[in-house]
Structures are given as C-alpha cells and as structure tokens.
Amino acid sequence: AAGVIQSPRHLIKEKRETATLKCYPIPRHDTVYWYQQGPGQDPQFLISFYEKMQSDKGSIPDRFSAQQFSDYHSELNMSSLELGDSALYFCASSYRLAGEPITDTQYFGPGTRLTVL
Amino acid sequence: DQQVKQNSPSLSVQEGRISILNCDYTNSMFDYFLWYKKYPAEGPTFLISISSIKDKNEDGRFTVFLNKSAKHLSLHIVPSQPGDSAVYFCAASKVSGNQFYFGTGTSLTVIP
Chain A
1 AAGVIQSPRH LIKEKRETAT LKCYPIPRHD TVYWYQQGPG QDPQFLISFY
51 EKMQSDKGSI PDRFSAQQFS DYHSELNMSS LELGDSALYF CASSYRLAGE
101 PITDTQYFGP GTRLTVL
Chain B
1 DQQVKQNSPS LSVQEGRISI LNCDYTNSMF DYFLWYKKYP AEGPTFLISI
51 SSIKDKNEDG RFTVFLNKSA KHLSLHIVPS QPGDSAVYFC AASKVSGNQF
101 YFGTGTSLTV IP
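As given, the protein sequences belong to chains A and B, one line each in that order. Residue numbering for the first sequence follows the numbering used here, starting at 1 and increasing by one per position. Residue numbering for the second sequence follows the numbering used here, starting at 1 and increasing by one per position.
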C-alpha cells in the first residue's frame, strides 16, 4: 500500500541557510501534519493543513512556513536555519470524513533528517 | 509542559511473555488516544487507537486499556515477539483539535 513520502530523506545545511522539505500524503488523504522530533525528544507538532488551508498551528517558529498545494502535497520552508533546528521532521497524513469528529488516524512518513552545521 | 507522559524510558521482556507499556496524560480534554511504534530511521507506525467512549480495544496481540478517571492508558502485547522491539509512543488529541500530543516514548526490547 502507498505510504507517506517525504523528500529528501537527509539534508545538511549551514546556519542561516534555507531548507525546503516536501511531503506527499497517502492518495486521497486530505490532511497533512508536520512534526519536529529533536534528539531524545518526542515529536512536537508544528502545523497542519486540511484541504489546502491551515487548520492547526503548534510550536512552529516564525522562520518556518508551510503550505499545502492543490495536489495535497505539502512543503515546509525553513529560513535562517539555526543549529537547534537539527532534528527529524515527520510529515503525517490522514483522511477526515466531513462532519465527523476530528479523530482521524495519522499515518507518518519516514521523516527527513535535517542537520544544521 | 508535557501533557502526555511515558515514565518508563525502556522495558525488557522475554519472548512469549506479556509487555505492558504505560502512558499518563494530564489534559482532561483528551478524548482520542493512539499508540505508535517506531523503528530507527523510520517514521512512527500506527498500532492501535481508542476513543474515550471505550475502556478497551483489542487488535490481535495488541490491546489498549483506557482508565479515564486515572488519566492512564496502557498497551499490552501478548505474546511479545523479538520483532516488537522498537520505541513505542502514545499520543493523545482533543476531539476539537487535530494535533496529537506525544509521550516521550518507551524503548521495548524483547529478548529471544
């Protein structure tokens, strides 16, 4: 079965550079979530999109932005990278039934490991 | 502020025995809970979920128990297999929101 695809899998950047992470959700999934997992930490929610609109916002720095496109893929743009941005970035997708309570199960991609030097 | 806590960072169990992973939460608004399994260099894989209208959900070798009054849930794996060795995260969400709050994970090792 098709899963969530993230690219690139690994990325090395220097301080103050920019990075773009891409997420391709499971086909027919309309909701995308971004999480950041630092070393030894639990995944922290950054931001989510439903039907191309931002639906929830967590601890996403102002230096980061994200969007969901018409084909439902999403991109996380990170600027002025800092050493502390080094982490695993997970994307998850789900399908939300219209009118149903938001208890959708999120399926995760393999993650992008970002290293900031 | 850690709203979902897994107080045991690691657990070792003999193959064939029961593994019990515990999770506590502080936010009484949480109404939906999931367990994820994570192997190194891979994303979390969904295992099993439970909503607050239930106190137990079973799927094969995996059973999740929810005690709302104690704000506690647990994952039972019976019988444990070496392939179950991974990091297990519990996650919770409010029905009104769609972000999940994760625990810090428990590393399970099943010894052959």
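Keep in mind that the hints were calculated from the coordinates and are not lab data. No residue lacks a Cβ here, since even glycine has one placed at the ideal position from N, Cα and C. Treat the hints with care, since some could be wrong.
As the list claims (entries may be wrong) - Below, a list of computed lysine-lysine pairs in the DSS-like style, where the Cα atoms sit at most 27 Å apart: (1) A:K57 / B:K71; (2) B:K37 / A:K57; (3) B:K5 / A:K57; (4) A:K22 / B:K38.
Stated by the list, open to error - Quick list of the computed label-pair ranges, beta carbon to beta carbon: (5) B:Q14 / A:P39: 39 to 45 Å; (6) A:E14 / B:H72: 43 to 49 Å; (7) A:P61 / B:R61: 36 to 42 Å; (8) B:P112 / A:R16: 45 to 51 Å; (9) A:R63 / B:G16: 27 to 33 Å; (10) B:I53 / A:T20: 37 to 43 Å; (11) B:P112 / A:Q54: 43 to 49 Å; (12) A:H10 / B:F46: 21 to 27 Å; (13) B:S107 / A:K15: 29 to 35 Å; (14) A:F69 / B:V78: 41 to 47 Å; (15) A:Y95 / B:H76: 24 to 30 Å; (16) A:T20 / B:H76: 39 to 45 Å.
Does the hinted range 21 to 27 Å hold for H10 of chain A and F46 of chain B at CB?
About 24 Å separates the Cβ atoms of H10 of chain A and F46 of chain B, which means 21 to 27 Å holds.
Whether the CB-CB distance between P112 of chain B and R16 of chain A falls inside 45 to 51 Å
holds (49 Å)
May I ask you to test the hint 36 to 42 Å on the CB atoms belonging to P61 of chain A and R61 of chain B?
For R61 of chain B against P61 of chain A, whose Cβ atoms are near 41 Å apart, the range 36 to 42 Å holds.
Looking only at beta-carbon atoms, does the pair I53 of chain B, T20 of chain A fall within the given range of 37 to 43 Å?
holds (41 Å)
Does the Cβ pair F69 of chain A, V78 of chain B satisfy 41 to 47 Å?
holds (44 Å)
Agreement of K5 of chain B and K57 of chain A with the hint, judged by alpha carbon distance not exceeding 27 Å:
holds (22 Å)
Range hint 39 to 45 Å: satisfied by the CB atoms of T20 of chain A and H76 of chain B?
Given about 42 Å between the Cβ atoms, the range holds.
Do Q14 of chain B and P39 of chain A keep their Cβ atoms within the hinted range of 39 to 45 Å?
The hinted range 39 to 45 Å is violated for Q14 of chain B and P39 of chain A, with Cβ atoms some 30 Å apart.
Within a Cα-Cα threshold of 27 Å, do K57 of chain A and K71 of chain B meet the stated pairing?
holds (25 Å)
May I ask you to test the hint 24 to 30 Å on the CB atoms belonging to Y95 of chain A and H76 of chain B?
Given a distance of about 28 Å, which is inside 24 to 30 Å, the answer is holds.
Hint says 43 to 49 Å; check whether the CB-CB distance for E14 of chain A and H72 of chain B agrees.
Holds: the Cβ-Cβ distance is about 45 Å, inside 43 to 49 Å.
Taking only the CA atoms, is the gap from K22 of chain A to K38 of chain B under or equal to 27 Å?
Roughly 21 Å separates the two Cα atoms, so the pair holds.
Hint check: violations occur at hints 5, 9; the rest are consistent with the structure.
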